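K.L.:
What follows is each chain in one-letter form.
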Amino acid sequence: GAGVSQSPRYKVAKRGQDVALRCDPISGHVSLFWYQQALGQGPEFLTYFQNEAQLDKSGLPSDRFFAERPEGSVSTLKIQRTQQEDSAVYLCASSLELALGNFGPGTRLTVL
Amino acid sequence: AQTVTQSQPEMSVQEAETVTLSCTYDTSESDYYLFWYKQPPSRQMILVIRQEAYKQQNATENRFSVNFQKAAKSFSLKISDSQLGDAAMYFCAYSGMNSGYSTLTFGKGTMLLVSP
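Protein sequences appear in the order of chains A and B. In case it helps, this note's numbering puts the first sequence at residues 1 to 112. In case it helps, this note's numbering puts the second sequence at residues 1 to 116.
FYI, nobody ran anything at the bench for these hints, they're computed from the structure. There may be inaccurate statements among the hints.
Claimed, not checked - DSS-like mimics (lysine-lysine), calculated; alpha carbons at most 30 Å apart, straight line:
| id | chain 1 | residue 1 | chain 2 | residue 2 |
| --- | --- | --- | --- | --- |
| 1 | B | Lys55 | B | Lys73 |
| 2 | B | Lys55 | B | Lys70 |
| 3 | B | Lys108 | A | Lys11 |
| 4 | B | Lys108 | A | Lys14 |
| 5 | A | Lys14 | B | Lys70 |
| 6 | B | Lys70 | A | Lys78 |
| 7 | B | Lys78 | A | Lys57 |
| 8 | B | Lys78 | B | Lys108 |
| 9 | B | Lys55 | B | Lys78 |
The structure displayed is predicted, hence computed values, not measured ones.
The task is simple: from the sequences and hints, build the whole structure.
P.N.:
Below, the structure written as structure tokens:
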């Protein structure tokens, strides 16, 4: 079956713009995770959903970052008033079992 | 807080040879999982192998095996009979009971180069 998909794959934004990144998890996967991967670094946890409930958002770096999963399937990560330090690859993962994620290909965000 | 350390930024191996990637971690939790993920240049992270802390037996998946030393908090990955397709960034990761096993803490990664 299809894996986790993310769109867009690449996004260039001017500083101050808002962006929305989409994640389509594997069908039936209850858990969904967002990670941020800066260049040359390992991914860092942002937030976690179980179905539509956001159970952990401790990794979101500021209140400019917002994630939702209103129907317990597709998730959107929104970044308001983007800054240069937001430039990174944003990875989404879904899972039937906690922490055992099937990762998507990521969205590379570049903020100019 | 839990930390994961990969002290080798880059490793090289020739095809058909064996290579070991190192990982150490720090935790006060009694139960946790450890993982090795592979990230090829296309960026899609792939799970290579998983180890449950309460299991003494080292996990093995085909050419991939781990050496889990719980007391030393060490979790190395051995790749046998290396292939060109093994070239990638390898990340060691940890997930613990305090987070409900819901989050992964990653190391900085080791770039594995494979030469013919």
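K.L.:
Are the hints correct? Go through all of them and say.
P.N.:
These are the hints, each one checked on the structure:
As the CA atoms of lysine 55 of chain B and lysine 73 of chain B are separated by approximately 14 Å, the hinted pair is consistent with the 30 Å bound. With a CA separation close to 10 Å, the supplied pair lysine 55 of chain B and lysine 70 of chain B stays within the 30 Å bound. Only pairs whose Cα atoms come within 30 Å are accepted, and lysine 108 of chain B paired with lysine 11 of chain A is accepted, the gap being roughly 24 Å. For the hint linking lysine 108 of chain B to lysine 14 of chain A, the alpha-carbon distance of about 28 Å falls within 30 Å, and the restraint holds.
About 47 Å separates the Cα atoms of lysine 14 of chain A and lysine 70 of chain B, which puts this hinted pair outside 30 Å; it is violated. Between lysine 70 of chain B and lysine 78 of chain A, the direct Cα distance comes to roughly 40 Å. Violation of the 30 Å bound is thereby established for this hinted pair. Straight-line distance between C-alpha atoms of lysine 78 of chain B and lysine 57 of chain A comes to about 35 Å, which puts the hinted pair past the 30 Å bound. About 18 Å separates the Cα atoms of lysine 78 of chain B and lysine 108 of chain B, which keeps this hinted pair within 30 Å; it holds.
With a C-alpha separation of about 18 Å, the suggested pair lysine 55 of chain B and lysine 78 of chain B falls inside the 30 Å cut-off, and the hint holds.
Consistency note: the structure conflicts with the earlier hints numbered 5, 6 and 7.
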